[in-house]
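**Q** If you want the building blocks of each chain, they are given just below.
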Amino acid sequence: MKLTSFKGLITKRLIAKGLSGLMLAAVLVGGGLMAAPSAHAQDTAPAASSAPADSTEAALPASSAPAAEAAGTPAPAMLPHQAALTLDTGGAAWILTSTALVLLMTIPGLALFYGGMVRKKNVIATVAQSFAITALVTVVWMVCTYSLAFGFNASSALQPYIGSFDAFFLNHVRVDTAYTAAKGLPEMLWITYQMTFAIITPALIAGAFAERMKFSTLLVFTTLWSIFVYAPICHWVWGGGFLSTAGVLDFAGGTVVHINAGIAGLVCALVLGKRKGYGSENMAPHNLVYTMIGASLLWVGWFGFNAGSEWAADGIASAAMLNTQVATAGAALSWMIVEWVERKKPGMLGLASGAVAGLVAITPAAGFVNPQGALIIGLIAGAGCYGSAVWLKKIFNYDDSLDAFGVHGIGGIIGALLTGVLADASINSLGAGASVMKQAMGIGVTIVWSGVATFIILMICKYTVGLRVSEEGEVEGLDAALHGEAMH
Amino acid sequence: MKLTSFKGLITKRLIAKGLSGLMLAAVLVGGGLMAAPSAHAQDTAPAASSAPADSTEAALPASSAPAAEAAGTPAPAMLPHQAALTLDTGGAAWILTSTALVLLMTIPGLALFYGGMVRKKNVIATVAQSFAITALVTVVWMVCTYSLAFGFNASSALQPYIGSFDAFFLNHVRVDTAYTAAKGLPEMLWITYQMTFAIITPALIAGAFAERMKFSTLLVFTTLWSIFVYAPICHWVWGGGFLSTAGVLDFAGGTVVHINAGIAGLVCALVLGKRKGYGSENMAPHNLVYTMIGASLLWVGWFGFNAGSEWAADGIASAAMLNTQVATAGAALSWMIVEWVERKKPGMLGLASGAVAGLVAITPAAGFVNPQGALIIGLIAGAGCYGSAVWLKKIFNYDDSLDAFGVHGIGGIIGALLTGVLADASINSLGAGASVMKQAMGIGVTIVWSGVATFIILMICKYTVGLRVSEEGEVEGLDAALHGEAMH
Amino acid sequence: MKLTSFKGLITKRLIAKGLSGLMLAAVLVGGGLMAAPSAHAQDTAPAASSAPADSTEAALPASSAPAAEAAGTPAPAMLPHQAALTLDTGGAAWILTSTALVLLMTIPGLALFYGGMVRKKNVIATVAQSFAITALVTVVWMVCTYSLAFGFNASSALQPYIGSFDAFFLNHVRVDTAYTAAKGLPEMLWITYQMTFAIITPALIAGAFAERMKFSTLLVFTTLWSIFVYAPICHWVWGGGFLSTAGVLDFAGGTVVHINAGIAGLVCALVLGKRKGYGSENMAPHNLVYTMIGASLLWVGWFGFNAGSEWAADGIASAAMLNTQVATAGAALSWMIVEWVERKKPGMLGLASGAVAGLVAITPAAGFVNPQGALIIGLIAGAGCYGSAVWLKKIFNYDDSLDAFGVHGIGGIIGALLTGVLADASINSLGAGASVMKQAMGIGVTIVWSGVATFIILMICKYTVGLRVSEEGEVEGLDAALHGEAMH
Amino acid sequence: MKLIIAIIKPFKLDEVREAFVKAGVEGLTVSEVKGYGRQKGQTEIYRGAEYQVNFVPKMKLEAVVDDGAVAGAVEAVKAAAGTGKIGDGKIFVLNVEEAVRIRTGETGSSAL
Amino acid sequence: MKLIIAIIKPFKLDEVREAFVKAGVEGLTVSEVKGYGRQKGQTEIYRGAEYQVNFVPKMKLEAVVDDGAVAGAVEAVKAAAGTGKIGDGKIFVLNVEEAVRIRTGETGSSAL
Amino acid sequence: MKLIIAIIKPFKLDEVREAFVKAGVEGLTVSEVKGYGRQKGQTEIYRGAEYQVNFVPKMKLEAVVDDGAVAGAVEAVKAAAGTGKIGDGKIFVLNVEEAVRIRTGETGSSAL
Ligand SMILES: Nc1ncnc2c1ncn2[C@@H]1O[C@H](COP(=O)(O)OP(=O)(O)O)[C@@H](O)[C@H]1O
Ligand SMILES: Nc1ncnc2c1ncn2[C@@H]1O[C@H](COP(=O)(O)OP(=O)(O)O)[C@@H](O)[C@H]1O
Ligand SMILES: Nc1ncnc2c1ncn2[C@@H]1O[C@H](COP(=O)(O)OP(=O)(O)O)[C@@H](O)[C@H]1O
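If you're matching them up, the sequences are chains Y, R, L, G, P and C in order.
Counting in my numbering, the first sequence runs from 1 upward without gaps.
Counting in my numbering, the second sequence runs from 1 upward without gaps.
Counting in my numbering, the third sequence runs from 1 upward without gaps.
Counting in my numbering, the fourth sequence runs from 1 upward without gaps.
Counting in my numbering, the fifth sequence runs from 1 upward without gaps.
Counting in my numbering, the sixth sequence runs from 1 upward without gaps.
Source of the hints: derived by calculation from the structure; they are not laboratory data.
Please note: incorrect hints may appear among the correct ones.
To be verified - Once the Cα atoms are required to be at most 20 Å apart in a straight line, the calculated EDC-like pairs of lysine to aspartate or glutamate come out as:
{"no.": "1", "chain 1": "Y", "residue 1": "K393", "chain 2": "Y", "residue 2": "E472"}
{"no.": "2", "chain 1": "Y", "residue 1": "K276", "chain 2": "Y", "residue 2": "D424"}
{"no.": "3", "chain 1": "Y", "residue 1": "K120", "chain 2": "Y", "residue 2": "E281"}
{"no.": "4", "chain 1": "R", "residue 1": "K120", "chain 2": "R", "residue 2": "E342"}
{"no.": "5", "chain 1": "R", "residue 1": "K120", "chain 2": "P", "residue 2": "D88"}
{"no.": "6", "chain 1": "Y", "residue 1": "K121", "chain 2": "Y", "residue 2": "E281"}
{"no.": "7", "chain 1": "L", "residue 1": "K276", "chain 2": "C", "residue 2": "E15"}
{"no.": "8", "chain 1": "L", "residue 1": "K120", "chain 2": "C", "residue 2": "E32"}
{"no.": "9", "chain 1": "Y", "residue 1": "K120", "chain 2": "G", "residue 2": "E44"}
{"no.": "10", "chain 1": "P", "residue 1": "K34", "chain 2": "G", "residue 2": "E44"}
{"no.": "11", "chain 1": "Y", "residue 1": "K345", "chain 2": "P", "residue 2": "E44"}
{"no.": "12", "chain 1": "R", "residue 1": "K121", "chain 2": "R", "residue 2": "E474"}
{"no.": "13", "chain 1": "Y", "residue 1": "K274", "chain 2": "Y", "residue 2": "E474"}
{"no.": "14", "chain 1": "C", "residue 1": "K22", "chain 2": "C", "residue 2": "D67"}
{"no.": "15", "chain 1": "C", "residue 1": "K40", "chain 2": "P", "residue 2": "D14"}
{"no.": "16", "chain 1": "Y", "residue 1": "K120", "chain 2": "P", "residue 2": "D14"}
{"no.": "17", "chain 1": "L", "residue 1": "K276", "chain 2": "C", "residue 2": "E18"}
{"no.": "18", "chain 1": "L", "residue 1": "K345", "chain 2": "Y", "residue 2": "E281"}
{"no.": "19", "chain 1": "L", "residue 1": "K394", "chain 2": "L", "residue 2": "E471"}
{"no.": "20", "chain 1": "Y", "residue 1": "K120", "chain 2": "Y", "residue 2": "E472"}
What you are looking at is a predicted structure, and each value in this text was computed from that prediction instead of being measured.
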């Protein structure tokens with residue numbers, strides 16, 4: 001069955017009631033857990049189909065065994081963000097796949113995209129960053145950030161700003177529970193799928209401080225950033241927070257992932273300062289084959305990122321995939337052309353950078369625009385990001401080593417704004433509510449919170465573990481200095 | 001629900017009527033678009049299920065939201081190649097995945113397979129070819145080649161030879177439309193899946209002129225070749241053209257993709273001439289690890305290419321996957337053994353080349369033969385392609401740098417012919433109509449058109465942008481000469 | 001519809017009858033094939049849904065075309081391990097994907113994980129091992145090992161120990177047959193999926209004798225080992241053999257794949273002896289980027305290995321995926337921390353090794369434990385495998401080159417035992433039967449059979465083809481010596 | 001003419017090249033080498049295996065200069081390459097009997 | 001005996017090797033080097049960052065020859081390595097006091 | 001002082017280094033080189049194309065030693081590097097006029 005899109009619900013005015021009702025239910029839950037499910041089921045309709053519907057569905061062969069068994073026994077209490085699972089096997093198959101695809105984006109995708117761009121003496125340290133972040137964020141997500149991002153806060157005053165503490169350590173999560181906005185998918189799948197987004201975001205930031213940050217600092221920074229920057233912004237946009245209720249459209253993470261990572265990256269580049277020898281030494285990418293592999297895996301994996309964000313295998317998911325392909329191609333070509341004109345030669349680095357710029361820009365729009373719109377977004381993003389990565393960086397003269405801000409920050413902003421312009425209601429009814437102003441509001445809030453919080457976290461690191469490796473270490477190379485390893 | 005295979009329909013005589021009727025409808029469409037759908041719906045049955053059926057199906061929970069909405073309002077006009085979407089979520093999930101797998105074949109798969117085989121000074125330029133082709137063909141497909149390949153021409157006189165112009169820029173494509181031959185899949189998914197085939201075909205040709213063609217020429221050549229060679233041949237075999245009506249069997253692209261690319265490659269090798277130093281300099285592959293990665297990703301991605309070509313997740317798709325695995329293994333082993341005997345040592349390059357030869361040969365047969373047949377095809381293809389890549393090339397003394405013809409041309413021909421011999425009706429009822437003569441006819445037509453048209457396109461390039469890089473450039477290496485980049 | 005888990009059935013006492021009944025049916029089959037299906041259908045219920053149910057299901061649009069056709073004509077005789085296919089399209093879509101993912105683990109995943117760890121002069125030979133094993137085992141599986149592992153032996157006295165000979169060359173396998181334990185999946189898909197497990201197991205062993213075994217020996221060893229070690233153990237645990245009836249829990253292959261490969265690896269390391277220069281020469285990994293790519297693809301592909309082992313896209317599959325992610329992350333971190341303390345620096349090799357240790361350890365537990373349990377398993381496995389790979393190897397002073405035993409043997413044992421401790425019946429009802437004693441029994445049997453049989457096979461190789469390359473060959477490097485190839 | 005061979009720490013390459021140029025040396029040839037001496041290489045440890053690398057990466061610069069320019073060049077290099085730490089490297093001077101510029105055929109000092 | 005050091009453009013390697021052989025030189029040793037001189041390296045530009053590569057790739061050939069064979073060898077190399085373009089390279093000649101063939105222990109010219 | 005240049009088979013590197021040290025040589029510099037001589041390279045065959053590699057990989061060791069230490073060092077190297085097979089390599093001895101230790105500025109033998 002078609003998943004009722006949560007983003008959709010809350011952007012529709014008439015549902016505001018349902019949501020406030022949901023808050024109410026959440027409060028009730030505080031009072032009496034046993035009472036919660038039914039109350040929740042009623043108040044959040046159509047978000048949650050009514051209780052009887054659930055039970056009948058649960059009886060269908062289509063539902064998972066545990067659910068079936070549960071149907072017999074009285075269903076145990078659920079948290080306010082949970083609903084009974086009514087399995088959509090086709091959708092589940094696609095999201096299981098999408099989860100693998102999005103993980104593929106970070107390891108080995110992003111690791112290679114970045115690893116190829118640094119100098120040979122830093123390649124191991126650079127790929128180790130993506131790999132370590134993957135492991136670290138997974139544990140942090142399970143311990144607390146999932147609950148903070150997607151839990152419904154029992155207090156209707158707090159819910160717009162932060163999730164709950166009830167699902168820490170994935171407490172109360174069962175094989176037969178689902179997230180209210182995607183009742184066709186097991187909650188455990190929802191958790192893993194969303195986890196892959198929480199992983200890639202800090203990994204993207206690493207491009208801004210590549211070749212100079214301490215490994216220990218990276219771990220501390222990532223932990224704090226996941227909790228205090230990613231979790232809240234994710235909750236605001238996707239967890240029923242105030243940005244979603246305000247009607248900000250972000251299909252797959254232009255705001256939550258890319259603008260957020262881009263701004264954080266800019267702050268990091270400014271606070272850490274330039275690499276030793278920046279401007280004088282040759283810091284050209286040492287292995288563009290690695291970068292090509294990385295860009296390709298990002299491209300392929302992004303299908304899971306964008307088409308997976310429909311949480312089903314249907315027409316909108318197909319539109320998201322087609323749009324992703326078209327925008328990415330358009331951006332790669334427009335970056336190539338601008339570079340060809342200015343630099344006289346089109347490069348592999350340019351093709352790869354342009355493709356990523358397109359992937360970033362189409363992310364918020366993937367399930368809202370039509371293919372023609374996607375092509376326009378791609379063409380603009382390719383040229384726009386070239387400008388920011390090449391000219392802007394020169395003008396303001398900061399060392400955003402691998403252009404985390406230049407590509408993800410600017411690309412994300414271009415995409416978020418154009419979503420407001422190009423959203424097509426015939427592709428996705430939610431597109432009807434699109435507005436550039438709302439989008440700009442979402443961007444602004446993200447920039448402010450991400451910028452300020454990232455700065456504070458960096459200061460904490462600076463005066464505790466310290467930010468940069470020693471100068472000798474930077475000269476010797478981070479592979480040897482930080483990891484005692486080398487490419488032979 | 002089971003997809004009614006388009007190839008199937010038209011190979012069955014009794015449907016010829018339906019098709020001519022379709023042409024008729026197509027003409028009507030020209031006259032009055034509003035009239036088209038119903039007319040089309042009736043005439044092309046069972047190709048398209050009747051209008052009432054549509055509406056009821058649209059009412060099922062299984063159909064996508066937009067479709068559901070559409071059901072309320074009067075459905076807008078559809079192009080003759082379109083049908084209403086009756087979503088098969090399991091099938092859609094598998095084809096979404098298959099699309100990602102086939103894209104993975106080109107980037108980074110083919111890029112690395114080829115990149116590892118060239119000399120180090122040309123590796124960036126070689127991988128850039130695959131990457132740039134991916135971006136370019138995507139846009140060309142969206143602009144016109146999809147419509148030319150899969151649109152139904154309003155003129156029944158033209159339809160056997162070329163598609164329509166109505167879907168340029170994907171005009172009239174909606175989230176609730178499907179392609180008539182695959183009504184369970186959203187048309188936007190169909191477009192993206194078929195696009196990945198259109199991408200890899202010219203990318204394969206690049207192996208024949210590796211290490212010497214200008215980058216600008218590559219872009220011009222690819223654009224013209226996609227429009228004048230790929231689109232028509234694709235239409236003839238898969239778009240309802242004269243080869244499909246003639247009963248030529250090509251499950252996943254042995255003719256359209258591999259023979260086509262192989263012949264075009266041979267023509268390119270002959271027209272461009274040999275690389276400087278061919279025969280005297282050592283041009284051994286510089287990095288067989290890249291080649292191994294490429295061959296492996298081709299192998300894995302080919303599951304999407306072959307098993308995905310069933311357009312559903314069912315028994316035939318499973319047979320296609322099993323056959324692909326068996327044939328590939330058989331070919332890798334038979335190439336290895338022949339090489340072991342002749343060269344005294346079995347090499348990684350041989351294992352990889354043999355595997356690709358098997359993948360190519362099983363492509364047209366994947367969903368038609370049984371596993372024993374697949375093993376036979378693989379064993380013959382491995383030895384046969386070794387012969388063409390090693391002996392044939394020596395005898396006729398041309399420089400098919402990376403054996404685009406030796407592996408894809410010869411492998412494709414072997415597979416296409418053996419499909420006629422080994423097709424098993426108990427695997428796929430369409431296999432009943434199999435005939436070596438029909439297959440040979442399809443091969444012949446493809447060779448002639450691909451050969452002649454490719455030659456003309458090369459001549460156009462030669463007298464406009466020029467074909468080869470300067471001699472100094474070839475000596476210095478294409479990475480520096482064309483892209484101003486280097487491996488450090 | 002939910003697949004009735006075969007492992008499940010036979011661990012449930014009450015089904016023992018059903019199974020013996022099944023054996024009975026199998027015998028009957030010997031007598032009169034025509035009689036078999038019905039007999040089988042009745043006796044194995046609920047393993048196989050009753051005949052009428054079948055036919056009705058076959059009538060549903062959801063079932064595949066061939067099945068539908070079959071429904072009309074009298075169904076041909078089936079082998080005792082077969083049942084009529086009742087297609088679960090969502091499940092099939094996920095397992096088609098999982099098959100691709102598990103193949104991705106071996107090529108290029110494992111090839112790169114190992115290839116990066118050897119010295120540069122041996123990298124081509126090392127990746128060629130994984131690639132050649134993939135091709136070889138595919139053919140062996142099709143010829144005989146599938147039948148030996150998953151066929152039901154007509155003799156109830158032999159069935160506990162070995163499968164049948166009836167499905168050699170995949171005889172009697174049709175597009176509309178299914179394996180009794182997974183009636184929702186086409187048998188051809190089941191064959192291909194299980195094949196990928198048979199492929200990776202011997203490929204894992206190669207890590208123990210890397211950089212010194214002859215290529216020809218590798219091929220002979222792999223063939224014999226697949227037939228005499230993998231096939232029987234696979235039958236015992238998953239093919240209805242005595243370990244499954246004894247209630248040993250192995251969700252995705254901790255015993256069959258990892259302990260089995262680990263022990264075989266240890267025996268190989270001891271029998272072949274150390275590499276020339278071991279201890280004096282620097283044998284540090286030559287390219288940790290390759291190793292990182294390999295570890296990442298193993299991680300991503302393992303989703304197909306573990307979540308795919310539910311043979312459906314449901315809640316338990318989701319739990320398996322989530323558990324895999326959590327345990328892997330936990331193990332990577334715990335290995336990193338122990339290494340950081342002991343070696344003063346955390347390395348990329350450590351992060352990758354820890355992740356693989358976690359993947360191995362969670363394999364038998366993936367669908368049985370809850371996320372908290374998975375985290376515990378991961379943390380223990382990371383530290384435990386560090387100990388065995390670093391300390392144990394030093395103490396007993398053997399050359400397990402790439403730690404096939406240290407990581408897969410020990411990791412597998414840790415996971416198998418903890419499955420008995422942490423299995424949670426609320427995740428998977430089969431968990432109820434969990435017991436550490438049963439698990440230890442399974443481990444013990446595997447160690448003995450794998451150890452003894454591997455030793456005998458090595459002796460056969462030693463006195464026929466010989467085990468090691470010449471000393472000059474080892475010094476010159478296996479790339480040149482065995483394959484006449486080199487990295488340029 | 002003399003051949004000046006300077007073995008230095010890799011990261012000093014650009015400074016030393018400039019020093020040569022300042023000292024009037026118009027050309028030189030560089031090779032990546034591995035050095036053995038008082039400065040020991042770092043120890044690599046992986047999975048328990050420990051290995052003391054005997055060689056440390058160095059750069060070898062070779063410049064042929066006029067007899068008159070030798071002293072100045074040597075001084076310049078010494079100044080530019082020194083860090084005062086062990087492993088700074090060596091300078092060797094050998095006699096060169098003839099020099100030819102391939103392009104022009106010029107010989108002797110004018111070939112430099 | 002003399003040591004002939006020739007620094008040449010990489011793609012000339014095979015031609016120069018043959019020239020040496022024709023001139024009766026039976027063995028030589030080659031190393032990949034980076035050269036600094038009148039010929040400047042190309043500028044790398046990536047994402048706006050511009051960098052002038054100071055060094056150009058060259059090949060260094062070293063051959064020890066009999067005093068009598070020096071003149072002919074130098075001529076042969078000059079002819080083979082020349083393109084007339086800047087950066088063709090240099091030839092240097094140094095004196096060698098002793099030569100030993102490790103395998104046989106032969107010394108002097110017979111060791112070459 | 002003399003410069004001893006030894007061209008040897010790569011896998012002999014460690015043995016030769018130790019031989020040098022035993023002979024009292026405290027430092028040396030190594031470069032990876034390709035050698036051309038009596039020993040021919042292996043032929044590469046790929047997809048029918050056959051190519052005879054002209055060069056074989058070798059290691060070049062350079063050590064500057066006191067005049068007194070030359071004889072001993074040469075003997076030691078000869079012993080350590082020999083396998084009796086073709087391609088064992090060569091030892092050349094050149095005169096060195098000056099040596100400087102960059103770190104301390106010491107010159108002559110004390111700089112070694
Ligand atoms: N006798 C020698 N002959 C040739 N090269 C030498 C000699 N001694 C040292 N070197 C080179 O100089 C480098 C530095 O020498 P080392 O003894 O480590 O430090 P220092 O130069 O401070 O004495 C060594 O790594 C080696 O490459
Ligand atoms: N004085 C020198 N000592 C050592 N090598 C030199 C010297 N001058 C030039 N070279 C080498 O010769 C190469 C060519 O010299 P260059 O001045 O560029 O061109 P040309 O030889 O045609 O004048 C340089 O790249 C460098 O490797
Ligand atoms: N005349 C020479 N000048 C410089 N290097 C030489 C000379 N002759 C040989 N070599 C080097 O010594 C190596 C071994 O010489 P070769 O003739 O192959 O065997 P052998 O040392 O047994 O005579 C060659 O590969 C080359 O690197």
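**Q** Checking one constraint from the list: CA of C:K40 to CA of P:D14, max 20 Å. Satisfied?
**A** holds (15 Å)
**Q** Within a Cα-Cα threshold of 20 Å, do P:K34 and G:E44 meet the stated pairing?
**A** violated (29 Å)
**Q** Hey, L:K345 versus Y:E281, does the alpha-carbon distance stay inside 20 Å?
**A** violated (28 Å)
**Q** Against the 20 Å threshold, does the CA-CA distance of Y:K120 and Y:E281 hold or violate the hint?
**A** Given pair Y:K120, Y:E281 holds - Cα atoms ~14 Å apart, limit 20 Å.
**Q** Would the pair Y:K120 and Y:E472 pass a check requiring their Cα atoms to be no farther apart than 20 Å?
**A** With Cα atoms ~16 Å apart, Y:K120 and Y:E472 stay inside 20 Å; holds.
**Q** Under the criterion that the straight-line Cα-Cα distance not exceed 20 Å, is the pair R:K120, P:D88 satisfied?
**A** violated (23 Å)
**Q** For a C-alpha distance cap of 20 Å, please report whether R:K121 and R:E474 respect it.
**A** With a Cα-Cα distance of about 9 Å, the restraint between R:K121 and R:E474 holds, given a limit of 20 Å.
**Q** Is it true that the CA of Y:K393 sits at most 20 Å from the CA of Y:E472?
**A** violated (27 Å)
**Q** Holds or violated: R:K120 with R:E342, Cα cutoff 20 Å?
**A** violated (28 Å)
**Q** Is the straight-line distance between the alpha-carbon of L:K120 and that of C:E32 20 Å or less?
**A** holds (15 Å)
**Q** Going straight from one Cα to the other, do C:K22 and C:D67 come out at no more than 20 Å?
**A** Cα-Cα ~16 Å, so holds.
**Q** Run the distance test for L:K276 versus C:E18: straight-line Cα separation, threshold 20 Å.
**A** Cα-Cα ~19 Å, so holds.
Hint check: violations occur at hints 1, 2, 4, 5, 10, 16, 18, 19; the rest are consistent with the structure.
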